[in-house]
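> In order, the protein sequences belong to chains A and B. Numbered per the numbering used here, the first sequence finishes at 444, counting up by one with no gaps. Numbered per the numbering used here, the second sequence finishes at 444, counting up by one with no gaps.
Be aware that one or more of the hints could be misleading.
Stretches of chain A that chain B covers, calculated by requiring three or more beta carbons in the stretch to come under 8 angstroms of a beta carbon on chain B [as the list claims (entries may be wrong)]:
#	segment
1	226-236
2	400-412
Just a few of them, taken from the derived set where beta-carbon distance is under 10 angstroms, the chain A residues facing chain B [what the hints assert, rightly or not]:
#	residue
3	Trp29
4	Val54
5	Arg65
6	Gly66
7	Leu168
8	Tyr198
9	Gly204
10	Ile212
11	Tyr320
Below 25 angstroms or equal to it, Euclidean Cα-Cα: the simulated DSS-like pairs (lysine-lysine) are [stated by the list, open to error]:
#	chain 1	residue 1	chain 2	residue 2
12	B	Lys14	A	Lys248
13	A	Lys112	B	Lys14
14	B	Lys33	A	Lys181
15	B	Lys341	B	Lys307
16	A	Lys33	A	Lys63
17	B	Lys322	B	Lys341
18	B	Lys33	B	Lys58
19	B	Lys32	B	Lys63
20	B	Lys139	A	Lys403
21	B	Lys307	B	Lys270
22	B	Lys14	A	Lys139
23	B	Lys307	A	Lys32
24	B	Lys384	A	Lys403
25	A	Lys403	B	Lys33
26	B	Lys403	A	Lys403
27	A	Lys248	A	Lys322
28	B	Lys403	A	Lys33
29	B	Lys248	A	Lys14
30	A	Lys403	B	Lys341
31	A	Lys378	B	Lys396
Quick caveat, the hints were computed from the structure, so don't treat them as lab data. Glycine included, every Cβ here is placed at the ideal spot set by N, Cα and C.
Protein chains: 2
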Amino acid sequence: MRTLAKEVANQIGSQVTVSGWIHKKRLLGGLTFINVRDRSGLVQIVIQNKEEVEKLRGLQIGTVVNVTGTAVEEPRAPGGAELHDAILEIIVPVEEVPAIEIDKPIDHKSENQDTLFDNRVLNVRNLHEQKIFRIRSEINRYIREFLHSNEFVEIQTPKLLAGATEGGAEIFKLDYFGQEATLAQSPQLYKQIMVGAFERVFEIGPAFRAEPSMTTRHMSESTMLDIEMGFIEGHEDVLKMAENMVYTVLTRLYEEHGDALKSLNAPELVLKPDFPRFTVAEVHEMYTKATKDDTTEEKDMTPAEERWICEYAKKNLGSEAVFVTEFPIEAHKFYQKINPENPQTVLWADLLFRGVEISSAPMRENNYDKLVQQMKDKGIDPTHPGFKFYLQAFKAGLPPHGGFGFGLDRFVQKTVGLNSVKEATLFPRDINRLAP
Amino acid sequence: MRTLAKEVANQIGSQVTVSGWIHKKRLLGGLTFINVRDRSGLVQIVIQNKEEVEKLRGLQIGTVVNVTGTAVEEPRAPGGAELHDAILEIIVPVEEVPAIEIDKPIDHKSENQDTLFDNRVLNVRNLHEQKIFRIRSEINRYIREFLHSNEFVEIQTPKLLAGATEGGAEIFKLDYFGQEATLAQSPQLYKQIMVGAFERVFEIGPAFRAEPSMTTRHMSESTMLDIEMGFIEGHEDVLKMAENMVYTVLTRLYEEHGDALKSLNAPELVLKPDFPRFTVAEVHEMYTKATKDDTTEEKDMTPAEERWICEYAKKNLGSEAVFVTEFPIEAHKFYQKINPENPQTVLWADLLFRGVEISSAPMRENNYDKLVQQMKDKGIDPTHPGFKFYLQAFKAGLPPHGGFGFGLDRFVQKTVGLNSVKEATLFPRDINRLAP
């Protein structure tokens, strides 16, 4: 019977067997100590017997072992217990010196990024590195639990599409049995269609973008959460759902994984259930006044403004998350609803968190005739096969609806406090990287 | 304040407003009845006022409305209540006659498949059709909850790969900034690598296969659950996890959604916590004896045998799920472990359910030297970039491990009792279908 590392302290006085990887070896006062890592953490083991010490010779970090010994209280050991009189059984010997140090705190400097990803197979065994991806797994779980409790239905929509539907952006193309297919950049059209059946839907899946720039912000494959909800009374309903989700997920994460976040030097959480809301025009004005850097002629938000308004809200309003609303008409996409009270703006909000946009949350145009007109105004052909089916849903009756795309990689990055979205991704893909 | 259809019965005597789609209109004894559909179900409404009846004229099924009226007990109405003295507010008018009948029980005959998928945008509004995808959403949820409670970490691995790693099978290729990339057929290599960090991992995501045959069993894009677990004592541990998952998910589904399953004419569940296990050789022998159709010279299982053994186990052993173990060496893939007790067989089990394979659950070869030899024996180049990183994980120490790929579409199909895997998929993709 295997005992997990975290359970050793509950077995004081008993003989137990742990199974895991040798994580550290050291000599101290004539005694050999090893740490063994398993999925639950580390356990410290004292090797006294000469024969057992001999077994360790030539074996490297990563060696897979069973260790049987007596559980003894030891406040200085991880978990407050260690194994004595240990007997080793080598399951998988490792002879090569590992290419990375498994035990060091993470040090994600920008100049080390290539080394980091080239050695991802190994460095993800680092306890600190692991925590990032355990937190990512939990964030996925909390998001889904929140959405299920709000009656969202999970959908799985195709990533292989018949030609590009949204023009402009970079799209991967492939040969599909002799015709051209493209890889989906988002489930935008499908999730809107599904409002007609389930009202509230979500999907977590890959999104593909042939992003030719080499930055810390962009990947050619990312994980997106997409939600869509119908029968909203207005745009504000979408914002409320988004803030409620982010607040619920983050407060739960800091509560249940506070220690892991602290050990990763994640920032303290500064958040209230209601996130401040500013229009783009208001941000331009506030930023210009505060910095003397005039952005009042800007249409979109600048990255400097995104950082500034988050800092401002954190200091003055107790919130690291901010909605910026009423984007100017220049940014309008055909499926978004123009603000009826100010047709120079769109009912589109960005959710900023710790200085960057993590989600874009617009309301949609749900009137068939207006939607077709908006397509034509933008030179989009409503009879394109990718749109024909989309428009069917509107013709058959779609209620007022809105939703958001939510960048999971970026959310994990900003939650943990990493430099790059790629550090929050197990195997990032960009223009220069297609492996491992 | 909106009241959901399912909540009307709790508001008897009160004036409430429901929002939804007109689902049915009919005249009965001089009264106009409409059913309104929302995400929670149907509510029946009696329209008495002439002016209100007039509003309905020319409006089709699918019209989006708010209806305000008094909630009245009515045992014959869905949910046991209906609205009287109703006042209609048309939110989105619908003028075209819908292309499909929204209210009919599903009738998935094989000759109707193209009509079904061409009209998916509309027919998913059908209450019966919807149930399939609500059940699918729940199956996803139950699987994840089971895996989290068993300490699996959710991972998200790239679908864009540097060239084909597993030779032979049909692979989609695309241009990736001037180099060739392929679409992942499974997260096989990544999930094994991740055993080195988390021991137990899973992923639910799309899998791509350029499947040139047009059958009811194959799609070019499917949703796969992939799990991998380390520190197993033997192959049996993998089987136990798989049967425990399937048993837990199915019994919970039949408990919580028994009515929906019944209304879809899903088969009754015949299952025990322990699934019967037969070797491939045993099935050949039993089948040959029972049917006089000699399969003892066959290597793989035949489709007829898969159906037969499931029927046999259902009738005689009280289980619609069966493991078939010890596949012949001819089917061996390089990463699978050869049975040390019988090197003519592989430690590979298929999980059959209601006549088809829903999961393939092998143990892996975790010894670096043996693995490299198995690759070479199969003419696979261990220095291929796709394998270089994979092998790093073994060199650094990987414990005995195994896992399974689990076809979610097929599992939903067989659970609900559908004819084709495509009927369990919102927007199926095959050689002839890339839309909607």
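> If you test the structure against every hint from before, which numbers come out violated?
Violated: hints 4, 5, 6, 11, 13, 14, 17, 21, 22, 23, 24, 26, 30, 31.
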